[in-house]
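Colleague: The residues making up each chain are set out below.
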Amino acid sequence: MFKILKYSFFDLMRSRWSYVYFAFYLLLGIVLLFLNNDLSKAVITLMNVIIILVPLIGTIFGVMYYYNSKEFTELLLAQPLKRSSIFLGQYLGVAISLSMSLILGLGIPFVFYGLFMSNAIWDFSLLLITGVFLTLIFTALAFNIALSNENKIKGFGYAILLWLFLAVIYDGLFLMSLLFFEDYPLDKLSLIGTVLNPVDLSRTLILLKLDISALLGYTGAIFKQFFGTNFGLIVSISMLSVWVVMPVLRIIFKSKKKDF
Amino acid sequence: MVSVENLHKKFGKNEVLTGLDLEISEGGIFAVLGPNGSGKTTLIKSILGMVIPDKGTISIHGKSIKKDSNYRKQIDYLPQIANFPSNLKVKELIKMIKDLRGNSTNEAELIEMFKLEPFIDKKLGQLSGGTKQKVNILLTFMFDSPLVILDEPTTGLDPIALIRLKNLIKAEKAKGKTLLITSHIMSFVEEISDEIVFLLEGKIYFKGTIPALKAQTSQPDLEHAIANILTENHV
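Taken in order, these protein sequences are the chains called G and X. Just so you know, we're using the numbering used here here: the first sequence kicks off at 1 and counts up by one. Just so you know, we're using the numbering used here here: the second sequence kicks off at 1 and counts up by one.
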């Protein structure tokens, strides 16, 4: 697996898109810091960008990489390698190189701005950790979609729909259902609703840590009320881990049964 | 060497292999023939484990290939369409495959044989179809495995490369290896193969030597013998 991971990673490190992605974060970090002139405020703004953008990039890169490396995969399949190590290697190659772009792109401007001497360092680390989680989750989901769809256009379509659903539509439905059933006790429903969506979950996780949950939406308030900050953190992180593990298991399962 | 029992494979509603049995003994060149869509590539890919059969067993050296990937160390495979990651250089691809499979024996010799030195630093996306096929052949023959599977090896080769390929195949046979070859070029098949396996509608229709096939169909040459089988079966 590690050999495949190595080749996929270096292949991606040579691709122009990794640099575009890296440069984008670099620019975003610098611009936010100079506009806000304050680390904590920049972290909050960044959160809103990361929550939406990281899943999108993870989804698109994942699907694109899978379809583009089809020939390479077929070459590997005829070699004495396990299927699970081929696909897990490629998946980790994509996810790790995307995470690297994110960490370095945002990390460099923040470090130069004096991150290590400020209180925002924990908030910022948590932001990066959630970003990495989201990359792992959405790349894995993208690989699942690509493995199940031979047709590229369909694969791309489903991937975008999945992103749109989890990042935008889900919240809308969630809020509407809360409004619709407002006469009933909704605490448990909203809690479950939040846990089931990794995007909402990440947002909640950061909000709890930033201790501004009361200001920002219903989801955060519910979580705060139910768990208190530390317990909420543990639950959120374990839920995010489940969100990584489930699609990865399906990659292994699906790849074993597929014909090439 | 290779034994296939009662192999079934469906792609959607299309039944490609319907209870195929095949026994391939050690040593010699076996040509797998059949009309388009008769299941040649599916059979080969099943042996390689790239296609998962619906039913039936495949064993190599008496060991079932299910749930095992190491048996592929004993197989060199030349895919039908040579598609490589286009941003890799030829040199890097060779190095990578060597890294994944262990050391090769005769890559320098093969590079020399197919005159590939000028291309070794080029990216694979820049190569012509024929040159890609030569790289493909190089990657297949640079390991010393007892079973060699070639899917349409002659595609895109110029006459000189074709002669070299034939010599290479004969040399491999002389080492006591087993070679499985598919091809639509009958003169090529007639020249190199010891035995023919003819697939029709997902089953083995004929297995035996070329003279036996000619005798059975009472035709003077291989091409007509094959055509005779096909017209008799209304394909």
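In case anyone wonders, no lab produced these hints; they're calculated from the structure. Check the hints yourself; a few may be wrong.
In silico lysine-lysine, PhoX-like type, Cα no more than 25 angstroms apart, as pairs [stated by the list, open to error]:
| no. | chain 1 | residue 1 | chain 2 | residue 2 |
| --- | --- | --- | --- | --- |
| 1 | G | Lys82 | X | Lys98 |
| 2 | G | Lys257 | X | Lys115 |
| 3 | X | Lys13 | G | Lys154 |
| 4 | G | Lys82 | G | Lys70 |
| 5 | X | Lys203 | G | Lys6 |
| 6 | G | Lys82 | G | Lys256 |
| 7 | G | Lys254 | X | Lys203 |
| 8 | G | Lys70 | X | Lys122 |
| 9 | G | Lys6 | X | Lys91 |
| 10 | G | Lys257 | X | Lys10 |
| 11 | G | Lys257 | X | Lys177 |
| 12 | X | Lys98 | X | Lys115 |
| 13 | X | Lys73 | X | Lys13 |
| 14 | X | Lys73 | X | Lys177 |
| 15 | G | Lys6 | X | Lys55 |
| 16 | X | Lys73 | G | Lys258 |
Colleague: It remains to establish, for every hint, whether it holds in the given structure.
Modeller: Against the structure, the hints come out as follows:
The suggested pairing of Lys82(G) with Lys98(X) holds, with an alpha-carbon distance near 17 angstroms, which does not exceed 25 angstroms. In summary, the hint linking Lys257(G) to Lys115(X) is not supported, as the alpha carbons are separated by about 40 angstroms, beyond the 25 angstroms threshold. For a cut-off of 25 angstroms, the pair hint linking Lys13(X) to Lys154(G) stands: about 21 angstroms separates their Cα positions. Using a Cα cut-off of 25 angstroms, the hinted pair Lys82(G) and Lys70(G) holds, with the two alpha carbons roughly 16 angstroms apart.
For the suggested pair Lys203(X) and Lys6(G), the alpha carbons sit about 42 angstroms apart, so the restraint of at most 25 angstroms is broken. Distance check on the hinted pair: Lys82(G) and Lys256(G) sit about 9 angstroms apart at the alpha-carbon level, within 25 angstroms; holds. Proximity of Lys254(G) to Lys203(X) is assessed by CA-CA distance (about 29 angstroms); at most 25 angstroms being required, the pair is judged violated. Of the supplied pair hints, the one linking Lys70(G) and Lys122(X) holds, its CA atoms being roughly 21 angstroms apart against a limit of 25 angstroms.
For the given pair, Lys6(G) sits about 17 angstroms from Lys91(X) by alpha-carbon distance, which is consistent with the 25 angstroms threshold. Under the criterion of a C-alpha separation no larger than 25 angstroms, the hint pairing Lys257(G) with Lys10(X) is consistent with the structure, at around 13 angstroms. Among the hinted pairs, Lys257(G) with Lys177(X) is inconsistent with the structure: their alpha-carbon atoms are about 31 angstroms apart, more than 25 angstroms. With a C-alpha separation of about 20 angstroms, the suggested pairing of Lys98(X) with Lys115(X) holds against the 25 angstroms cut-off.
Distance restraint check for Lys73(X) and Lys13(X): the Cα-Cα separation of roughly 33 angstroms exceeds the 25 angstroms cut-off, and the hinted pair is therefore not satisfied. This hinted pair checks out: Lys73(X) and Lys177(X) have alpha carbons roughly 14 angstroms apart, not beyond 25 angstroms. Straight-line distance between C-alpha atoms of Lys6(G) and Lys55(X) comes to about 36 angstroms, which puts the hinted pair past the 25 angstroms bound. For the suggested pair Lys73(X) and Lys258(G), the alpha carbons sit about 21 angstroms apart, so the restraint of at most 25 angstroms is met.
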